[in-house]
Every structure is written in C-alpha cells, then in structure tokens.
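Protein chains: 2
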Amino acid sequence: MISKEQLAKLIDHSLLNPSVTDDDVKKACQEALQYGFAAVVVNPSHVPIVARELKGSPVKACSVVSFPFGLSTTAAKVHEARIALEEGAEEIDMVMNFSALKSGHSDLVLNDIKEVVQEARRVYGKVIVKVILENCYLTENEKRRACQLTMRAGADYVKTSTGFGKSGATIEDVRLMRKVVGPKFGVKAAGGIRTVEQALQMIDGGANRIGASASASIVESLKPS
Amino acid sequence: MISKEQLAKLIDHSLLNPSVTDDDVKKACQEALQYGFAAVVVNPSHVPIVARELKGSPVKACSVVSFPFGLSTTAAKVHEARIALEEGAEEIDMVMNFSALKSGHSDLVLNDIKEVVQEARRVYGKVIVKVILENCYLTENEKRRACQLTMRAGADYVKTSTGFGKSGATIEDVRLMRKVVGPKFGVKAAGGIRTVEQALQMIDGGANRIGASASASIVESLKPS
Numbered sequence: 047m048i049s050k051e052q053l054a055k056l057i058d059h060s061l062l063n064p065s066v067t068d069d070d071v072k073k074a075c076q077e078a079l080q081y082g083f084a085a086v087v088v089n090p091s092h093v094p095i096v097a098r099e100l101k102g103s104p105v106k107a108c109s110v111v112s113f114p115f116g117l118s119t120t121a122a123k124v125h126e127a128r129i130a131l132e133e134g135a136e137e138i139d140m141v142m143n144f145s146a147l148k149s150g151h152s153d154l155v156l157n158d159i160k161e162v163v164q165e166a167r168r169v170y171g172k173v174i175v176k177v178i179l180e181n182c183y184l185t186e187n188e189k190r191r192a193c194q195l196t197m198r199a200g201a202d203y204v205k206t207s208t209g210f211g212k213s214g215a216t217i218e219d220v221r222l223m224r225k226v227v228g229p230k231f232g233v234k235a236a237g238g239i240r241t242v243e244q245a246l247q248m249i250d251g252g253a254n255r256i257g258a259s260a261s262a263s264i265v266e267s268l269k270p271s
Numbered sequence: 047m048i049s050k051e052q053l054a055k056l057i058d059h060s061l062l063n064p065s066v067t068d069d070d071v072k073k074a075c076q077e078a079l080q081y082g083f084a085a086v087v088v089n090p091s092h093v094p095i096v097a098r099e100l101k102g103s104p105v106k107a108c109s110v111v112s113f114p115f116g117l118s119t120t121a122a123k124v125h126e127a128r129i130a131l132e133e134g135a136e137e138i139d140m141v142m143n144f145s146a147l148k149s150g151h152s153d154l155v156l157n158d159i160k161e162v163v164q165e166a167r168r169v170y171g172k173v174i175v176k177v178i179l180e181n182c183y184l185t186e187n188e189k190r191r192a193c194q195l196t197m198r199a200g201a202d203y204v205k206t207s208t209g210f211g212k213s214g215a216t217i218e219d220v221r222l223m224r225k226v227v228g229p230k231f232g233v234k235a236a237g238g239i240r241t242v243e244q245a246l247q248m249i250d251g252g253a254n255r256i257g258a259s260a261s262a263s264i265v266e267s268l269k270p271s
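First to last, the protein sequences are chains A and B. So in the numbering used here, spot 134 of the first sequence is number 180, and the numbers just go up one at a time. So in the numbering used here, spot 1 of the second sequence is number 47, and the numbers just go up one at a time.
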C-alpha cells in the first residue's frame, strides 16, 4: 500500500487556470512544499514566482509550453521552453501539435518534440520533458502514433491531457499509453483527476505521475491500509 | 441598412478550435474568399496555409499570439508574433496577460502589448494588432484599465474574448469598451457570436469587427431591409 508521502511524490501540483493571480501561485508553492509534491506546474509567465518560492527544495518548477492548444510553430515552442528554463523551470510539459498529427504530418510532430527536447538538454542537461497528447481529440491509432513519436523524439513522458480539452484522463488511455511505451517510459495522467480513488486507479493502470489541482485534498483523503 | 457585402467585410472568419486539420483551414479560406470576409484568423502553425490560400486577395491572414491563455512571457509573445508575420500573417490577435492585470502589474501588461506592437510595426509597417482582454475574467474596472493600457501601448483594437473562456462577447462589454476607447479606436466582438442578430447587435453597440466561425451562415441570414 502506498503512503501519503509516496503518493505526494507522484503528484504534479498544477495551477494552470489562466485567471489565477500571483498570490494563488505562491499559495500553491507553499502547499507543494508542505506535502512534498513532485512539481508545481504553471503557465510560463508564472515561472519566476515558482522558481523563487521552491528554490533549494526537492519540488521542481515545471512550465507548460504552447499551452493548451499546442499549435505554436516549432521555433516558438523552442523559444518558449528556453525562456522558461532560463527563468528557473526544471521540467517542461509541452503540448504536441495534434492538428499536425491529425493532418498526417508525423515528421512535423516528431521534429516539434525533438527540437524542444534538444534545446532543453542543451541548456540544462537533465530536464524532464513531458508531451501532452490531448487524447480527447485523437483516435486510438493517433494515440499510439503520438506515443511512438514522443519516444522517438527523446522525451521522457507522454501525458494524457491538458485539462482544458473536451475531456481529461481516462483509465483506458493510461493503460493504452503504458502498453505502447513499455515499462520504463513515463506516463502522466492529468485532467479531471480530483479524488484519491481516481488517482490510485490511474497509478494502478500504469501512470507514474499524476497532474492535479486538488492535490492536497487527494493526499489527505488517502486511507491507511 | 447594411448589405451582405458590408457585413462580410466586418467579419474575421475564425478557425481556432485546436483539433482542426489542414483541410479545414483550406476550406475556411475558400469561404473567406467567396464571401469577402475581413480576415481568416488561425493558430500560428496554420499561418503558412492561410497565407498561401489568401495570397493576392484583400482577405487578410491573421494569427493569434499566446492563445488562448495569454500567459506566455513577453519575449515569447514577441517571438511568436515575429514568426507569424514572417510566415505571412498580416494581422495579429494577441491575448493580454490578464493574470498580470489581476495581480496589479499594469506596467507588465502595457509593456507586453507595446513590445508586440513595436515588433510588428518594425517588421511590416502597417500590421493591425488586436488585444484580447478575455473579459469573462475581468471586473468592470479591470476592463476599463485593459482598454486604456491597450490604447497607450499603440495597438489598434480591443477584443472582447478568445471564445475559449467561460463566456464570450456581451453587448454590455462592447458598449463599455467603445465608451472607454472613444469613436476612433477598434472594438472587436468575438466569442459565441453565431447568429446575424447577435452580430448586428454587437455592431449597433459599437463593434467594428466581429469574430465568428459561423460566418457564412451569419451573412446568408441577413435579410434585405
């Protein structure tokens, strides 16, 4: 049975609603430090606050890139990732260009991810890059292809959803993604995960990172076995 | 009474849903050419298609920037705008950093817009820049301040909404924005405008540009007076 501390270490505490203020971001950082979450995930313009608040702690500052649509050009994604890293981000959750995937441009999708990964590694060595597939827009074949392209591009995780599409993480998608990427690659379930039951189900299905906003409540609700 | 041709010239035909394919974008361009809309508005990665399809026509290619959250850094917004213009965009609809506005950072908001405007003008002279306030997240005072900052920054239009927030354009907001910016500045109403009645009401309230996806149906539904 998983402990509260172990569960917290799997959670990316996410504050991606665009109308949050600086104070909301600071509060989220304090919660993350208190519970020991894996990371705090924010929009790019909030990265400096998070980097400052989390400095010297094991909680990572994580920035989204091309969020939530993924339809920036590759050059813009690379540039946005570089600025986030310069400002103190230690992990990157980038959105895949799912329109390009659906239009049959696998090479563009591959290159889009690869260039962000290479830029991140070039600047900071061990940066973890997660790629948000936004499964709600994809067919099963497109989900498989997206997983394969993410692996080939050298990223670290496939992530189910932005949380701002028409639906979020499903256990079926997590199982499918884990099956395609194998046992050693990262799978992050995010979008609509609000209870400890959902979080545990996703972990049971193969997720090794959970994105959530109600992170404190999820951890507090964990019953001792 | 306005004619179909006059109404079409006020409409920015918008294809911003992130799951559209290249073929959807091409189809939207053909509609825009047929009806004579003001512009076709797309996400950055679709700009090259639109620029090619509309080449030599009076219909403008328009790219959104930092869409739909507006929480990229200023440097990333400037970079994204520059790439869009290089790839053929002739107008820019950028999203204001409304989180910064709500956190009291008026200087950041002003500078954010000003740098995009200056970059656009530096590169292409007469580029029209519209600033999306995303009114659904703002108080009345914040809406007023956003209009004033947009004017001071040298942009051309205030725009009500992205169409992806919790609500879209309202007639009250259009009236307020027109009142604050005066008679000569641009006001674009967008988000949830699906009928000719809504479009005419927005124009009557002071909008001189309408953003819509159901643009063809709106124009076709106009009754002769």
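Be careful, since some hints might not be right.
It does not matter which identical chain is meant; a pair holds if it fits inside one copy or across any two.
No farther apart than 25 Å at their CA atoms in a straight line, the calculated lysine to aspartate or glutamate pairs in the DMTMM-like style are these [unchecked claim]:
#1 K148 with D69
#2 K72 with D202
#3 K72 with E218
#4 K269 with E99
#5 K101 with D250
#6 K225 with D202
#7 K160 with E77
#8 K148 with E266
#9 K148 with E77
#10 K230 with D68
#11 K160 with E133
#12 K50 with E186
#13 K148 with E99
#14 K72 with D153
#15 K230 with E218
#16 K172 with E243
Treat the hints as calculated values from the structure; they're not laboratory data.
Query raised in the report: Looking at the structure, which of the earlier hints fail to hold?
Result: 2, 3, 4, 5, 7, 8, 10, 12, 16
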